[in-house]
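Starting from the given sequences, assemble the full structure and let the hints guide the process.
Chain residues, written in single-letter form:
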Amino acid sequence: MGYQTTAEKMNAIFSDLSKDYLIYAPKRFVGDGTFTDIDTIRYGEITDLSEIEFAEKSDYSFKEVLLPISETLFYFTENEMKEADAPKKGAIVFLRSCDLHGLKRMDTIYLENGAVDTYYKRLRDNTKFILMGCENSFENCFCVSMGTQKSDDYDAYLKVDGDTVLVDSHWDYLDTALTGATQTQVIADSVTANDTVVTIPETVPQSLFDAPFWEEYGNRCIACGRCNFVCPTCTCFTMQDIFYTDNGKAGERRRVWASCHVDGYTDMAGGHAFRNDKGQRMRFKVMHKVNDYKRRFGTHMCIGCGRCDDVCPEYISFANCINKLNALVNDSAKEEN
Amino acid sequence: MTVHELKSENPYIPFLSEITEVIKHTEIEFTFRMTYTGDVKPGQFFEVSLPKFGEAPISVSGIGDGTVDLTIRKVGKVTDEIFENYVGDTLFLRGPYGNGFDIANYKGKEILLVAGGTGLSPVKGIVDYFSAHPEDCKGFTLLVGFKSPKDVLFKKDFEAWEKNINVIMTVDTPEDGYCGKCGLVTQYIPEIPINNSDEAVGIVVGPPMMMKCTITELFNVGFKEENIWISQERKMCCGIGKCGHCKIDDTYICLDGPVFNYTKGKFLKD
Ligand SMILES: Cc1cc2nc3c(=O)[nH]c(=O)nc-3n(C[C@H](O)[C@H](O)[C@H](O)COP(=O)(O)OP(=O)(O)OC[C@H]3O[C@@H](n4cnc5c(N)ncnc54)[C@H](O)[C@@H]3O)c2cc1C
Ligand code: SF4
Ligand code: SF4
Ligand code: FES
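Residue numbers (the numbering used here), protein chains in the order written: chain A, 20 to 356; chain G, 37 to 306.
Worth flagging that the hints you see were computed from the coordinates, not collected in a lab. Check before you lean on any hint, since a few could be wrong.
[Unchecked claim] Derived lysine-lysine pairs resembling PhoX-like cross-links, with alpha carbons at most 25 Å apart:
| # | chain 1 | residue 1 | chain 2 | residue 2 |
| --- | --- | --- | --- | --- |
| 1 | A | 101 | A | 123 |
| 2 | G | 305 | A | 343 |
| 3 | A | 313 | G | 305 |
| 4 | A | 178 | A | 38 |
| 5 | G | 110 | A | 268 |
| 6 | A | 101 | G | 88 |
| 7 | G | 271 | G | 88 |
| 8 | A | 107 | A | 169 |
| 9 | G | 60 | G | 199 |
| 10 | A | 297 | G | 302 |
| 11 | G | 192 | A | 268 |
| 12 | G | 60 | G | 113 |
| 13 | G | 300 | A | 313 |
| 14 | G | 199 | G | 113 |
| 15 | G | 248 | G | 183 |
| 16 | G | 60 | G | 248 |
| 17 | G | 183 | A | 313 |
| 18 | G | 88 | A | 268 |
[What the hints assert, rightly or not] To be clear about the criterion: a stretch of chain G counts as covered by chain A if any three or more of its residues have a C-beta under 8 Å from a C-beta of chain A, and this derived list gives those stretches:
| # | segment |
| --- | --- |
| 19 | 49-55 |
| 20 | 190-204 |
| 21 | 288-295 |
[Claimed, not checked] Distance ranges between label pairs, derived from CB positions:
| # | chain 1 | residue 1 | chain 2 | residue 2 | range |
| --- | --- | --- | --- | --- | --- |
| 22 | A | 346 | G | 299 | 29 to 37 Å |
| 23 | G | 252 | A | 262 | 45 to 53 Å |
| 24 | A | 103 | G | 184 | 40 to 48 Å |
| 25 | A | 20 | G | 244 | 57 to 65 Å |
| 26 | A | 334 | G | 120 | 42 to 50 Å |
| 27 | A | 346 | G | 120 | 29 to 37 Å |
| 28 | A | 99 | G | 209 | 20 to 28 Å |
Keep in mind it's a predicted model, so treat the numbers as computed, not measured. Ideal placement from N, C-alpha and C gives every residue a C-beta, glycine not left out.
Next up, the structure:
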């Protein structure tokens, strides 16, 4: 159901909800960016709609709400393990359409690929998603190419216009809370085109895995992993044990975000590692995002948010890479004919 | 309280398993016989989970009545700690994970199993089975290579196997007093009598280079690629399809492997 209400009314509703939920939204952090003197926009808790950064794309995605950068799995003593408690409150997350599609990618890995992940599920089950519309495309976005520019799969859509707030609710709680508000049809803002357009090669022959094409990336990439950390669909982690005192037996096991670009990702005992070359790491990531994942799960992993392009300190463009790869695949197909 | 009552719904929480026996093969390779009841296959693996030190995926090297064997090589943080402080005690485990070898695929066939060093662990359950049931196959040859005589694993088991199946053991570098075979496993393949190489099964596990050369040699003597099976090792942090470290193209080694038919395995490119 669609409603027109006021910012004051909506803030009051969120204030009530905050008894049971932590509310996360993209916020501006001044002078905190990748490049000096630039702000970052990343997720944080809010108590008032005015704190939300609607006008720009967030540098980081919402994923840390469901997959914290470092998450305690359990506490141990010598002979006992105790599962870490779930947060007492649920979460409400403001996010854009592409990220809402990203959520599905996370669900696939954490709920379907192998065992159900206890920690993800318990957060996920208690999270509500509020869609933020996109009136215009941002720099580097290519959601239209990925088909993620629209989504109906939200608990609510919310648009703030001065003192007026438009809401489309799929959530009984909000319908009840908004009883008496003006009912109106609310359609989420979405873009129909982006400046960046990508064409994804249907299949990439393995013969191109070693093509000189990747060397350019090998020379430029510094293996900082930022492209993975900002990506809403990068879900990898590494285990880490922490102990409280050096000689004590008590401690905890955590999982922390991992990056397939960063050294050590494939290291095995005895110093053996796969993909030592950074160009091959780029190849591995690109193939995962726009080929491998799809073969396994049916959709592309990448949702076209362009954050990896926004963040790369070496100005490596994932979108360009896909397009160039597509050209390479076409050329190599022609050569064979 | 029995240790198994500790098993949790949460796949990350390990359960406590007792070490009932420790078999020392070399200075740095011991088999730990662990209490475990439940379905398990050769080639599957457990995550041995040591609070404070981390986890290490270890193959099942033997399956007993209420026990599984884990043959562990001491190479780093987790495995050092197991050797130094856990012998004769208990270990936390989670698993078993992975697909493992399906004995049914090999029954009634001529089988050539080629293993290099610790690669024997994941396939030892297959050798044990056909050594105990030689009538279940048309012939079984175990061809195994170790670095040197002092690296030989499962010496006791070899004595039993030699009575029931054809065993060829070789070492890369012999020492004084060693009178067995020398050289790489590949050089012995042409000598192995195979009646019908069109249907014979080859199982190959070992270091990447050894697997590659062995498979080439199997093709040379007429094995079909659909009859060749391999097991892969990759970095693993979860064993349950989440952490991403083991992934190669659209394949999760921890879920879809570590055992692959070569028709699939040959396409795995890191
Ligand atoms: C499917 C599978 C089966 C295995 N079976 C056996 C076995 O039967 N016996 C045996 O001795 N070893 C086996 N290994 C290798 C064993 O897991 C590593 O030797 C062990 O993880 C080393 O841990 P560490 O902490 O002692 O060494 P470190 O070098 O200190 O380990 C550092 C980190 O790298 C990871 N790591 C290191 N090597 C490997 C590796 N080869 N594979 C995956 N992760 C690794 C560890 O998890 C650890 O977090 C197997 C590996 C896999 C993937
Ligand atoms: S790969 Fe880049 S564009 Fe695609 S979802 Fe990840 S950060 Fe966004
Ligand atoms: S592609 Fe760019 S952001 Fe990603 S690891 Fe390489 S240098 Fe860092
Ligand atoms: S070991 Fe974590 S995904 Fe396979």
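Going through the hints against the structure:
Proximity of residue 101/A to residue 123/A is assessed by CA-CA distance (about 30 Å); at most 25 Å being required, the pair is judged violated. Restraint check: the Cα-Cα separation between residue 305/G and residue 343/A comes to about 21 Å, which is no more than 25 Å; the hinted pair holds. Using a Cα cut-off of 25 Å, the hinted pair residue 313/A and residue 305/G holds, with the two alpha carbons roughly 17 Å apart. Between residue 178/A and residue 38/A, the direct Cα distance comes to roughly 23 Å. Compliance with the 25 Å bound is thereby established for this hinted pair.
A distance of roughly 22 Å separates the Cα atoms of residue 110/G and residue 268/A; the hinted pair therefore holds under the 25 Å criterion. Between residue 101/A and residue 88/G, the direct Cα distance comes to roughly 14 Å. Compliance with the 25 Å bound is thereby established for this hinted pair. As the CA atoms of residue 271/G and residue 88/G are separated by approximately 19 Å, the hinted pair is consistent with the 25 Å bound. For the hint linking residue 107/A to residue 169/A, the alpha-carbon distance of about 32 Å lies beyond 25 Å, and the restraint is violated.
Proposed proximity of residue 60/G and residue 199/G is supported: the alpha carbons are some 23 Å apart, at most 25 Å. Restraint check for residue 297/A and residue 302/G: satisfied, since their Cα atoms lie roughly 23 Å apart, inside the 25 Å limit. A hinted pair counts as satisfied when its Cα atoms are at most 25 Å apart, and residue 192/G with residue 268/A does not qualify at roughly 37 Å. Taken as a hint, the residue 60/G and residue 113/G pair is honoured in the structure, with Cα atoms around 20 Å apart against an allowance of 25 Å.
Note on residue 300/G and residue 313/A: the hinted pairing holds, with a Cα-Cα distance of about 18 Å set against a maximum of 25 Å. Between residue 199/G and residue 113/G, the direct Cα distance comes to roughly 39 Å. Violation of the 25 Å bound is thereby established for this hinted pair. The straight-line distance between the Cα atoms of residue 248/G and residue 183/G is roughly 17 Å, inside the 25 Å bound, and the hint therefore holds. This hinted pair does not check out: residue 60/G and residue 248/G have alpha carbons roughly 30 Å apart, beyond 25 Å.
For the proposed pair residue 183/G and residue 313/A, the alpha carbon gap of about 42 Å is over 25 Å, so the pair is violated. Under the criterion of a C-alpha separation no larger than 25 Å, the hint pairing residue 88/G with residue 268/A is consistent with the structure, at around 8 Å. Check result for the segment 49-55 of chain G against chain A: holds, 3 residues qualifying (beta carbon to beta carbon below 8 Å, three or more required). Using a Cβ-Cβ cut-off of 8 Å, 0 residues of the segment 190-204 of chain G lie near chain A, which falls short of the minimum of three, so the contact claim is violated.
For the segment 288-295 of chain G, the stated coverage by chain A holds: 3 residues have a C-beta nearer than 8 Å to a C-beta of that chain, and at least 3 were required. The given range of 29 to 37 Å is respected by residue 346/A and residue 299/G, whose C-beta atoms sit roughly 31 Å from each other. Range check, residue 252/G to residue 262/A: Cβ separation about 48 Å, and the 45 to 53 Å hint holds. For the pair residue 103/A and residue 184/G, the supplied restraint of 40 to 48 Å holds, since their beta-carbon distance comes to about 47 Å.
One distance hint, 57 to 65 Å for the beta-carbon pair residue 20/A and residue 244/G, holds here, with the actual separation near 60 Å. For the hinted restraint 42 to 50 Å between residue 334/A and residue 120/G, the CB-CB distance of approximately 49 Å keeps it satisfied. Between residue 346/A and residue 120/G the Cβ separation comes to about 56 Å, which falls outside the hinted range of 29 to 37 Å. At about 47 Å, the beta-carbon gap between residue 99/A and residue 209/G misses the expected band of 20 to 28 Å.
Hint compliance for this structure: hints 1, 8, 11, 14, 16, 17, 20, 27 and 28 are broken, all remaining hints hold.
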